[in-house]
Amino acid sequence: DQQVKQNSPSLSVQEGRISILNCDYTNSMFDYFLWYKKYPAEGPTFLISISSIKDKNEDGRFTVFLNKSAKHLSLHIVPSQPGDSAVYFCAARGLRGNTGKLIFGQGTTLQVKP
Amino acid sequence: DSGVTQTPKHLITATGQRVTLRCSPRSGDLSVYWYQQSLDQGLQFLIQYYNGEERAKGNILERFSAQQFPDLHSELNLSSLELGDSALYFCASSPYRDNEQFFGPGTRLTVL
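One line per chain: the protein sequences are A and B, in this order. Under this note's numbering, the first residue of the first sequence carries the number 1, and numbering increases by one thereafter. Under this note's numbering, the first residue of the second sequence carries the number 1001, and numbering increases by one thereafter.
Any given hint could turn out to be false.
[As the list claims (entries may be wrong)] Pulled from the structure, derived: some chain B residues nowhere near chain A, Cβ distances all over 10 Å: (1) Ser1002; (2) Val1004; (3) Pro1008; (4) Leu1011; (5) Ile1012; (6) Ala1014; (7) Gln1017; (8) Arg1026; (9) Gly1028; (10) Ser1080; (11) Leu1081; (12) Glu1100; (13) Gly1106.
[Said to hold, decoys possible] With a straight-line cut-off of 30 Å between C-alpha atoms, the simulated DSS-like cross-links for lysine-lysine are: (14) B:Lys1009 / A:Lys5; (15) B:Lys1057 / A:Lys5; (16) A:Lys5 / A:Lys56.
By construction, these hints were calculated from the structure, which means they are not laboratory data. The structure displayed is predicted, hence computed values, not measured ones. Backbone N, C-alpha and C define an ideal beta-carbon position, used for all residues, glycine too.
Please put together the full structure from these sequences, using the hints given.
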């Protein structure tokens, strides 16, 4: 049962344009969502997060939007740069409790073309 | 550099064998998490320890076990290895159940 889904395995955009990565989830009890970026042969690196009580969080070129009614979040990267080419994972924090375990989507490979 | 270290970086072994993966969390972090990433898969949560105690369990096989030591480093033990256990194993740490987890570079396990 895939509780967090990234339906697009890959995305290709031109340098300078907007990249939009999407993520859907099924469990309305998730209270925190995160985006991680992963380069080959490295561990995931935290990018940006959003609490379920908010609908938008912005950090520089990165903005995450949360639509709770649709159980959907998206990551916008503006402007996209070639160094942004990586695999992007969305993750949701598990059910309420004293555990911080994360449930990850399958990942989307972003390619930013110069 | 996240501050989380994992050893070894690569491990090649045979079916039926037992291996131990090691993780040192960031200084001050009390929680350690283990994740498995198989080919073309997302990261799957295995187990969490907080200050030496098991806090949460995911889809961890009975052949796998983990522990967190008094100095807060953690070990993941994989036994009776099968071909399907070949994967990347990541360790992450956080101060408690804080929102961001910081990942190590991973251990690539190959079972032949």
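Now for the hints, and whether the structure bears them out:
1. Ser1002: 7 Å, violated
2. Val1004: 7 Å, violated
3. Pro1008: Holds, because the least Cβ-Cβ distance between Pro1008 of chain B and chain A comes to about 14 Å, which exceeds 10 Å.
4. Leu1011: 15 Å, holds
5. Ile1012: For Ile1012 of chain B, whose nearest Cβ neighbour in chain A is about 16 Å away, the distance exceeds 10 Å, so it holds.
6. Ala1014: 24 Å, holds
7. Gln1017: 24 Å, holds
8. Arg1026: 12 Å, holds
9. Gly1028: Non-interface label stands for Gly1028 of chain B: nearest chain A Cβ at 15 Å, farther than 10 Å.
10. Ser1080: 25 Å, holds
11. Leu1081: 22 Å, holds
12. Glu1100: 5 Å, violated
13. Gly1106: 5 Å, violated
14. B:Lys1009 / A:Lys5: It holds: about 29 Å lies between the C-alpha atoms, which stays within 30 Å.
15. B:Lys1057 / A:Lys5: 21 Å, holds
16. A:Lys5 / A:Lys56: The hint holds at about 20 Å.
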